[in-house]
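Chemist: Kindly generate the complete structure, drawing on both the sequences and the hints.
Listed in order, the protein sequences are those of chains A and B.
Each residue of the first sequence is one higher than the one before, starting from 95 at the first, in my numbering.
Each residue of the second sequence is one higher than the one before, starting from 12 at the first, in my numbering.
One or more of the hints may lead you astray.
Derived coverage of chain B by chain A (criterion: at least 3 residues anywhere in the stretch with Cβ under 8 angstroms from a Cβ of chain A; other residues may be distant) [as the list claims (entries may be wrong)]:
#, region
1, 182-192
2, 197-211
Calculated lysine-lysine pairs in the BS3-like style (CA-CA distance at most 30 angstroms, straight line) [stated by the list, open to error]:
#, chain 1, residue 1, chain 2, residue 2
3, A, 133, A, 316
4, A, 234, B, 285
5, B, 110, A, 119
6, A, 212, B, 285
Bear in mind the hints are in silico, worked out from the structure with no lab data behind them.
Bear in mind that the values here come from a model prediction, so they are computed numbers and not experimental data.
Idealized CB from N, CA, C, for every residue including glycine.
The residues making up each chain are set out below.
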Amino acid sequence: MLTFPDLAIDLDVRGVSKHYRQHGKDFTAVDDLSLRVPKGAFCSILGPSGCGKTTLLRMIAGFIEPDAGEIFIGGNSMRGVPPNRRPANMIFQHLALFPMMSVGENVAYGLARRGIAKKLIQHQVDAMLERVGLAGAAVKRIDQLSGGQKQRAAIARSLVLEPTLLLLDEPLGALDLKLREHMKLELKQLQAQIGTTFVYITHDQSEALVMSDFIAVMNQGKFEQTGTPQDLYYRPQTAFVAGFVGNSNRLSGRMGAGAGSVAQVDDGPALFVSPQQAFPPGRSLALFIRPEAIVLACPPAPLENFANRLSGKVLSLFFDGANSTVLIRLDDSDIELHVALFQNGFHADIHPGDTVSLGIAAEHVLAFAV
Amino acid sequence: MRPANRLLLWLLLAPAVLWLGLLIVLPHLEILMLSLRQRVAPHEYAFSLQQYATFFDEPLYWHTFARTALISLLATLLTLLLAFPVAWHIAKVARGRSKALMLALLLLPFWASEMVRTLGWVILLRGSGVIPQWLFHLGLTAEPVELLYNDASILLGLVYSSLLFMLIPLVNALETLDDSLVEAAYDLGGSRVNILRQIILSHAAPGIAAGSVMVFMLTLGNYLTPVLLGGKNSMWFTEQIYTQFITRFNWEQGAAFALLLLVLSTLMVWVGLKLTGQGFGETLRRT
Ligand SMILES: Nc1ncnc2c1ncn2[C@@H]1O[C@H](COP(=O)(O)OP(=O)(O)O)[C@@H](O)[C@H]1O
Ligand SMILES: [Mg+2]
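Modeler: This is the structure in structure tokens:
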């Protein structure tokens with residue numbers, strides 16, 4: 095758990111749980127979660143679909159009452175406070191813009207509920223729309239906006255209320271890939287400019303990595319690990335995080351009997367593994383190796399600096415610009431590894447069928463007990 | 012379109028065209044002709060607007076019409092107020108089996124004929140009927156009171172027979188309302204009253220208009236309920252038409268009344284829709 099000693103905490107979730115009855119059985123959707131989000135942070139909750147993210151967010155927004163635990167927003171307990179009186183606003187999965195109102199009326203809705211004078215509302219709405227790049231769109235109907243514009247209108251509608259907390263439930267999920275990539279950056283920039291605390295839930299690890307100051311990885315109602323994107327990527331603490339965040343080659347094996355951290359891959363080679371954690375001999379392990387942590391030599395070369403030296407044959411090549419990989423089968427085994435290809439011309443003449451040498455440093459082979 | 016296709020289209024349309032032509036257009040043309048003539052001598056007729064003049068000259072007639080329209084309006088409003096919470100429950104709260112069951116329960120009374128359903132009310136409400144007897148035995152009234160033959164009993168019967176026609180368009184309209192719109196409004200600080208007005212009613216407005224038009228027209232043209240529950244003095248406009256055609260054998264006058272009912276009620280619906288900002292064509296499409 096991260097601690098933020100000298101920052102105000104905007105969101106403090108303490109031991110919150112939620113149970114549902116499903117098919118007559120008790121089912122824990124959110125299991126005793128705690129989370130602290132400091133002021134101005136972009137915090138993501140990342141997890142596969144069905145892990146309880148929406149349930150957690152809706153408890154923060156006030157739509158669901160937790161079965162146990164307590165939620166504080168801006169230092170105040172939210173027990174018994176209905177959603178319309180919480181200093182938090184939500185961006186819904188499908189945005190939930192009001193189709194019966196114009197864009198301007200949508201953005202004005204919350205202000206009007208506060209009984210602010212019409213003229214002042216008009217002024218604030220225009221300023222907010224300008225800020226999100228929708229200047230002059232106030233009179234448009236919702237269905238006249240493009241996907242990205244709708245996104246911005248929904249954000250404007252919430253941010254104009256200057257909430258302590260903005261809650262976002264996979265708002266980019268409905269966009270096509272290209273727009274999603276663009277909106278990721280835009281959302282991050284907007285958050286940095288405005289400084290509102292964001293709690294963003296997503297099942298897309300790349301969204302979380304790009305945008306967040308820190309991420310809580312969630313699985314089956316629990317947090318697996320909380321940390322910065324770099325922490326999660328380079329120092330995953332559980333097999334789930336190692337597999338879910340970023341791409342990895344996953345191998346299964348067993349701890350070797352000898353001295354030093356050597357694991358025997360099932361039907362494969364023995365590998366020196368990261369000495370972070372000690373396992374008793376014979377312990378079954380999940381091993382994770384990132385494609386970019388494997389160094390390729392073609393034509394084959396000794397690669398003396400690496401603890402693990404392997405050789406194999408190129409099975410296929412997946413060209414994807416900067417994300418190109420090759421699939422390599424290790425000699426004398428059925429183990430296949432994805433290896434990143436650096437597009438600096440160094441590996442330009444690699445072809446299926448080529449024999450290659452592979453080098454992997456011990457600290458890049460992460461082992462977790464399973 | 013190929014000739015064969017066109018022929019097929021005409022064949023498919025034929026029943027509808029025949030139905031429209033024979034049962035709606037022709038009788039109305041006939042009624043129009045009837046209403047515009049006057050008998051000057053046995054078997055001799057001349058063009059005249061006399062029948063229409065009678066409607067406006069004779070207070071009884073247009074009073075009856077105004078009364079019919081007013082009670083129909085009231086019945087429509089009451090039906091809407093009663094149906095809305097029920098429709099909300101069916102569309103938004105009930106799930107799965109209980110939803111299907113509720114819809115079935117609503118349809119169930121319609122298996123009995125309107126006559127039988129209305130007679131049911133007669134049995135309940137008449138002086139020697141179920142409810143007055145209970146009230147008497149419970150000591151709430153000194154003697155069994157006649158609950159039939161007043162405006163309230165007419166209203167009761169009209170609302171009862173109209174509920175389903177209001178419920179169906181309302182349930183349809185509310186089912187298409189995205190729950191997250193309501194939640195978003197709540198999240199943005201909306202009160203219950205405001206959400207009802209700005210989000211729910213404004214989304215359901217076409218359904219409300221459709222249901223109201225249907226109920227209003229059905230009520231205005233209802234004959235059985237006012238006569239059975241309101242008795243001889245129910246003063247319902249359709250009763251006047253009936254009297255002219257059947258009792259007085261004054262077909263010309265009856266025809267004029269029938270056309271007036273059609274034109275005036277259409278006019279009222281049109282004005283009502285204009286005032287509430289609903290499109291006439293749009294609403295008719297939904298009914
Ligand atoms: N109202 C409910 N009743 C029963 N089960 C629910 C309800 N809402 C959510 N669940 C269950 O709780 C789990 C978590 O749901 P959710 O929070 O929506 O997950 P996520 O947003 O991570 O996809 C799911 O298995 C879902 O089926
Ligand atoms: Mg979800």
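Chemist: Compare the structure with each hint and give your call.
Modeler: Structure-based check of all given hints:
1. Check on the region 182-192 of chain B: 3 of its residues sit with their Cβ under 8 angstroms from a Cβ of chain A, so the three-residue criterion for coverage holds.
2. For the region 197-211 of chain B, the stated coverage by chain A holds: 9 residues have a C-beta nearer than 8 angstroms to a C-beta of that chain, and at least 3 were required.
3. Only pairs whose Cα atoms come within 30 angstroms are accepted, and residue 133 (chain A) paired with residue 316 (chain A) is accepted, the gap being roughly 23 angstroms.
4. Only pairs whose Cα atoms come within 30 angstroms are accepted, and residue 234 (chain A) paired with residue 285 (chain B) is accepted, the gap being roughly 24 angstroms.
5. Only pairs whose Cα atoms come within 30 angstroms are accepted, and residue 110 (chain B) paired with residue 119 (chain A) is accepted, the gap being roughly 23 angstroms.
6. Straight-line distance between C-alpha atoms of residue 212 (chain A) and residue 285 (chain B) comes to about 28 angstroms, which keeps the hinted pair within the 30 angstroms bound.
Hint compliance for this structure: every hint is met.
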